[in-house]
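Q: Sequence:
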Amino acid sequence: MKIATKIIAAGAFLVCTGAAFSQNAVMPPPQNVLQLSATGTVDVQQDLLVLTLATSKEGADAATVQTQLKQALDSALAEAKRSAQPDQMDVRTGAFGMYPRYGKEGKINGWQGRAELILQGRDFSRITTTAGKIQSMPISQIAFDLSREAREKVEGEAQTKAIEQFKARANELARGFGFSGYTLREVAVNSNEMIPGPRPRMMAMEAKMSSMSADAPVPVEAGKAQVVVNVSGAVQLR
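Per the working numbering, the very first residue in the sequence shown carries number 7; after that it's consecutive.
Take the hints with a grain of salt, since some may be wrong.
[Unchecked claim] Listed next, the in silico PhoX-like pairs over lysine-lysine satisfying Cα-Cα at most 25 Å (straight line):
{"hint": "1", "residue 1": "K87", "residue 2": "K139"}
{"hint": "2", "residue 1": "K110", "residue 2": "K167"}
{"hint": "3", "residue 1": "K167", "residue 2": "K63"}
{"hint": "4", "residue 1": "K63", "residue 2": "K110"}
{"hint": "5", "residue 1": "K230", "residue 2": "K159"}
{"hint": "6", "residue 1": "K173", "residue 2": "K159"}
{"hint": "7", "residue 1": "K63", "residue 2": "K113"}
{"hint": "8", "residue 1": "K139", "residue 2": "K159"}
{"hint": "9", "residue 1": "K76", "residue 2": "K167"}
{"hint": "10", "residue 1": "K63", "residue 2": "K76"}
{"hint": "11", "residue 1": "K76", "residue 2": "K87"}
Read the hints as simulated data drawn from the structure, not as lab findings. Bear in mind the structure is a predicted one, so any value in this text is a computation, not a measurement.
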């Protein structure tokens, strides 16, 4: 009985050893595998205007500066909300901060603060006209963006271009290396948005507002963005 037990135990040890050996065995690296990528790009007109209004205040007392900022922001909000319309002109507050001002001896001798109001939407005329009516917060920055709907509308086109380019390159490279074709091993698809050329410079408008009439809309013109889809992966040459 003891001999049979030892034989069974020895057999189990050999099975476990064989399993462990098979798990630790080094698999040979894949042969004739090609890594490549391709990109599809579509130009699209930017359809969102992002306009930032801002005001700065300073004084010896922090509470006074904060009150002045709040009054300016409340006044701007009240005026902006009269013309607000979903998607056409959305209104939201931006940064609101207070910072100490130091003298030569390193002691606080005053306070300064800044408040922002952001108007964003597709109706450029509504946004710029509204901004021109707000006297408590002049325009600080003007920027443009691409809406999600506009991006999604052309993303499929960019993706098709990227896939076709990926397939064409895979076929071309396979023939170049002396193979008749390929099979797809793995692939990844990524999309993003780019602004071609130099990024548009934010326009500092506060100094120019004094020369403009109170309700004059600011002239703006959107540029184009690029919706880019990248396809990358590996193919097995055959």
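Q: Now tell me if each hint is right for this structure.
A: Structure-based check of all given hints:
1. K87 x K139: Holds, at about 12 Å.
2. K110 x K167: 62 Å, violated
3. K167 x K63: Status violated; Cα separation ~52 Å.
4. K63 x K110: 21 Å, holds
5. K230 x K159: Roughly 15 Å separates the two Cα atoms, so the pair holds.
6. K173 x K159: 23 Å, holds
7. K63 x K113: Holds: K63 and K113 sit about 20 Å apart, inside 25 Å.
8. K139 x K159: 35 Å, violated
9. K76 x K167: 51 Å, violated
10. K63 x K76: Satisfied, since the Cα-Cα distance of roughly 10 Å is no more than 25 Å.
11. K76 x K87: Status holds; Cα separation ~16 Å.
Checked against the numbered hints given earlier, this structure breaks hints 2, 3, 8 and 9; the rest are met.
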